[in-house]
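Taken in order, these protein sequences are the chains called A and B.
So for the first sequence, my numbering puts the first residue at 11; every next one is plus one.
So for the second sequence, my numbering puts the first residue at 2; every next one is plus one.
I should point out that these hints are in silico values taken from the structure, not numbers from a laboratory.
C-beta: ideal position from N, C-alpha, C; glycine also.
Warning: the hint list may mix true and false statements.
If you want the footprint, here are the derived chain B segments under chain A, 3+ residues with CB under 8 Å [as the list claims (entries may be wrong)]:
no.	segment
1	114-122
2	150-161
3	271-280
4	337-347
Mimicking DSBU-like on lysine-lysine, the simulated pairs with C-alpha atoms at most 35 Å apart in a straight line are [what the hints assert, rightly or not]:
no.	chain 1	residue 1	chain 2	residue 2
5	B	K97	A	K40
6	A	K250	A	K213
7	A	K131	B	K611
8	B	K592	A	K40
9	A	K120	A	K152
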Amino acid sequence: MSEGLPLIPRPIARIIERWADKRLAKPEHKTTLIRQRIYILPTRHGIIFCIMLLLILTGSINYENSAGYLLTFLLTGIGFLGMIHTHQNLNHLTLDAIAAKPVYAGQCAKFPVRISRENNKEHFNVVLQSRLSEKTSFNLFKNESESITDIPLTSKTRGMLQLGKIKVFTEFPLGLFHAWSWVEIDSRCLIYPAPESHLQPLKLSGENAGNKKVEVNGNDDFTSIRDYQKGDSPGQLAWKAIARSGKLQSKLFTGEAGNEIWLRWDDLAYHINTEQRLSILCHWILECDHKGLNYGLDIPGKIIQPASGLHHKNDTLKALALFSPVKHEQPYKNT
Amino acid sequence: MNSHIKIHETSEFWVLLPLFLVIIPHFPRLPSWVVVLLPVFFIWRLMTIKQPGLSPGKLLLVCIALLSISGIFLHYGTIFGRTAGTSLLCTLLGIKLLESNQQRDYMLLITLATFIIVTNFLFSQSIITVIYMLLMVILLTVSMISINQGNTVVPLKSRFKLASALVAQALPFMLILFVLFPRIPGALWQLPDDKNAAITGLSDTMSPGNISRLVQSDAIAFRVKFDTDIPEQHKLYWRGLILWYFNGQEWSQGNPNQTRQATLEAFSHRVEYTVTLEPHNKKWLFALDMPGKHAEDIIYDNNYLLRSKKTIESIHQYSLESYLNYRIGHSLSRWEQDAGLSLPVNSNTKTIALGEKWRNSFKNPEEIINHALQHFNRENFIYSMEPPLTPGFDPVDTFLFDTRKGFCEHYASSFTLLMRAAGIPARVVLGYQGGTLNPLNNYMTIRQGDAHAWSEVWLNNRGWVRIDPTAAIAPERIELNLNAALHQNDARPLYMHFNNGLLKQIRFYWDAIDNSWKQWVIAYDASIQKELLSSIINKKINYHDIIVMLIFSISIVAFTITLLITKPLVFSKQDPAQKLYIKFCQKMARKGLVKAAHEGPQDFAYRAEKEFPEKKSTIEFFIKLYINSHYRSRHNIEQINKMKKLIRNL
Chain A
11 MSEGLPLIPR PIARIIERWA DKRLAKPEHK TTLIRQRIYI LPTRHGIIFC
61 IMLLLILTGS INYENSAGYL LTFLLTGIGF LGMIHTHQNL NHLTLDAIAA
111 KPVYAGQCAK FPVRISRENN KEHFNVVLQS RLSEKTSFNL FKNESESITD
161 IPLTSKTRGM LQLGKIKVFT EFPLGLFHAW SWVEIDSRCL IYPAPESHLQ
211 PLKLSGENAG NKKVEVNGND DFTSIRDYQK GDSPGQLAWK AIARSGKLQS
261 KLFTGEAGNE IWLRWDDLAY HINTEQRLSI LCHWILECDH KGLNYGLDIP
311 GKIIQPASGL HHKNDTLKAL ALFSPVKHEQ PYKNT
Chain B
2 MNSHIKIHET SEFWVLLPLF LVIIPHFPRL PSWVVVLLPV FFIWRLMTIK
52 QPGLSPGKLL LVCIALLSIS GIFLHYGTIF GRTAGTSLLC TLLGIKLLES
102 NQQRDYMLLI TLATFIIVTN FLFSQSIITV IYMLLMVILL TVSMISINQG
152 NTVVPLKSRF KLASALVAQA LPFMLILFVL FPRIPGALWQ LPDDKNAAIT
202 GLSDTMSPGN ISRLVQSDAI AFRVKFDTDI PEQHKLYWRG LILWYFNGQE
252 WSQGNPNQTR QATLEAFSHR VEYTVTLEPH NKKWLFALDM PGKHAEDIIY
302 DNNYLLRSKK TIESIHQYSL ESYLNYRIGH SLSRWEQDAG LSLPVNSNTK
352 TIALGEKWRN SFKNPEEIIN HALQHFNREN FIYSMEPPLT PGFDPVDTFL
402 FDTRKGFCEH YASSFTLLMR AAGIPARVVL GYQGGTLNPL NNYMTIRQGD
452 AHAWSEVWLN NRGWVRIDPT AAIAPERIEL NLNAALHQND ARPLYMHFNN
502 GLLKQIRFYW DAIDNSWKQW VIAYDASIQK ELLSSIINKK INYHDIIVML
552 IFSISIVAFT ITLLITKPLV FSKQDPAQKL YIKFCQKMAR KGLVKAAHEG
602 PQDFAYRAEK EFPEKKSTIE FFIKLYINSH YRSRHNIEQI NKMKKLIRNL
């Protein structure tokens, strides 16, 4: 954990964490915090509170002050109950992962976690934090059946980003105790390569070497208008036609009328490395999609036939994200 | 962990409020400049909520802090001790407040506020103070919750509910720990001498006007619980001090009597009673005239006066036996002879001359005494709480021959001086006379208003005999009380005007509550604890037993409360939809349609719909919601509310 535990030197905190790891349940889609996996220690304020109790107790003993005794013992009770309530603020919470929306590398991936509980107890200021993430907190009010909180995690490289172990902790209500639990929820987020537009722009005619020659002169140069189909890009919408007819219509461009573009790994200059290639391809996909073209993807180990639409875009981007160079190195070199 | 988190703006007021409220009871005790300064700090702090630019810089704060601390040092000459320490704490709270805007700072402020609550108890442990401070603890708990609520705002109502629940759940802990935490007798260190502690009570000197000033106070001096029959009102003389030395203006103790005491000869049954003495910062103890047997920790003075071994700074209980008819001082020692006959030099000469005249004109001391008392009675002397001032070097002469209007101290003083001049050894006794019996609990309350002064004279064969000259001039004072003795038009202390009818009854109730509080809570100490616990387990108890009892009881309480919090009772956990379904079945059964054991909700609903076609849609909808909620576990408060409405329509 980036912050460690309160009042505990880092090395000891690490030992505690290693010990707790052994008790950690296998990654599951859904985890309920149970007593056996909730740990609790006093905070710095908890220790100060304790010292204060000792001081006023000594004062009460010395001055034989009954009201002082009453106050000391009342506060002792409140401190103890603060511990129970802090523990209860975590106990029986169920954390359950919701599918995370894919993002491009470098963007902030958000892992939504749904928090629910069996009874109707209130939970306040429970904090979620993964190894690298910022803290996010949530509340569960009465009559609120669940709360959904995003754990933000900055993605560095493409691929499948695992949420990994997260720490759930709270110091509510009194801040005297720090109760926490480590949970491993099986939540992953697809990270697409970051689009790269400068290294090699998409050339839509000539050497881009589709099987057929592609002629795309601009957005206005469309051939026909047809009814909107699911998957058409917003850039394709024929606004004038929509205004006239009152229903959604899309423009069909020259290139689309039967021409296809292949986005090929091998079309890229040889000095460009794997990750840069993926980034360039990513940018190309986005550009093609924006223009509503039919495009196919040809990368080592995976060939996706030309098509268009949202699903196709996602499929191609996923192929880029999960591209594994090691597996395909050999056949690639041979060609 | 969240130390750097700023607290939410809307919560700030609720964090500041209890900090201010805890210092309010201190205001009468603080130097006036501190009383002015503290609200200024709070208003300043409140203004910075809206305009953060107004918050003072580090340098300014350090200057304010240094100035305030040196101000307190200059005012008291110290920064320790009760009042100086309290002023310092309150000022520090105000200064710390100005630079506080983070969670960490506020936690520190709450700690400071708790210390200030404790310092309040050094001045007052009354039931009102303690209830007020309990409310403060709830408010401080609200503060702690507000500080730890994070970025979101927990509704104020929820914060109050949670804080009250925390305090309520903590009460059993408080009770168990209070009763069973082993009490250690005696102080660990001495209380720093605090000259500012002003407690109303008798002083060890007597001059004209100081008792009549004291009786203006309604404060309780002590309470008495009699184990034997309660003596008649006019025999209730509570002895406290003996004044031997008179300088012409003021009576004082002089050098304490070095003569060894003679034994007490008792002629009547003994009276057994327990005194609960309010703290008066002195060592003397009051006893019914005349105490015999006493506990070990009480010193028996040579004049049958009782002294505690340490200053009475907290409420103190002691049990005594007294005899109403007795003889002390069978023989007079040389010291007593000298001190009991000594006269002031060059003052009150007319009084001394009168005494000497009586000495020559009467045969024996008894006649002189009677004549003196008749003199007060015959010569138009008036008993008054507001006597004319008797300035000058001869206050007794002025009173006896001029003003003739006085309170008990005037009569005791002049009578004692007359006796000495007439050759009868005499001394002034200070204490209380009478008391009010509370019929609700049979406790007798002796207030400062019962303060009294009388004389003791030494007679051959009879020893020291109590003579109360006030009884000769105002017998109602002794037979009843001060109020009855005062003239109709005479000025009275305020409290006497509220002492009749319903108000008197309320006073008795309040007195009974106050008394129980003092007997059971404030006076609870090592000896009472031992006594109480011994009576529970029926054997003599030691510290080991107390600790075992404490651990045992606190474990049970902790376990029970934890269980109650973590596992709410079963019925409250039941699915609300299920409850409503049971209600539905009961309603149907009342209409003659009983659900068979094998029947599921769907089948039962079909049957019900056939039976009551006019309610078909309602039943259908209800069952649909129930199945949705119970079997598909879609808990939704709206659905439940809908179901409730439907069932009402059935």
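Structure-based check of each hint:
Three residues within the 8 Å Cβ limit are the bar, and the segment 114-122 of chain B against chain A gives 5, so the coverage statement holds. Evaluation of the coverage hint for the segment 150-161 of chain B: fulfilled, as 6 residues show C-beta separations to chain A shorter than 8 Å, against a requirement of three. Three residues within the 8 Å Cβ limit are the bar, and the segment 271-280 of chain B against chain A gives 0, so the coverage statement is violated. Restraint check on the segment 337-347 of chain B versus chain A: 0 residues with Cβ-Cβ distances below 8 Å, three needed, restraint violated.
At most 35 Å may separate the alpha-carbon atoms for a hinted pair to count; K97 of chain B and K40 of chain A exceed this at roughly 47 Å. Restraint check for K250 of chain A and K213 of chain A: the C-alpha separation of about 29 Å stays at or below 35 Å, so the hint holds. Using a Cα cut-off of 35 Å, the hinted pair K131 of chain A and K611 of chain B is violated, with the two alpha carbons roughly 41 Å apart. At most 35 Å may separate the alpha-carbon atoms for a hinted pair to count; K592 of chain B and K40 of chain A exceed this at roughly 45 Å.
At most 35 Å may separate the alpha-carbon atoms for a hinted pair to count; K120 of chain A and K152 of chain A meet this at roughly 26 Å.
Of the numbered hints given earlier, the model fails hints 3, 4, 5, 7 and 8; all others are met.
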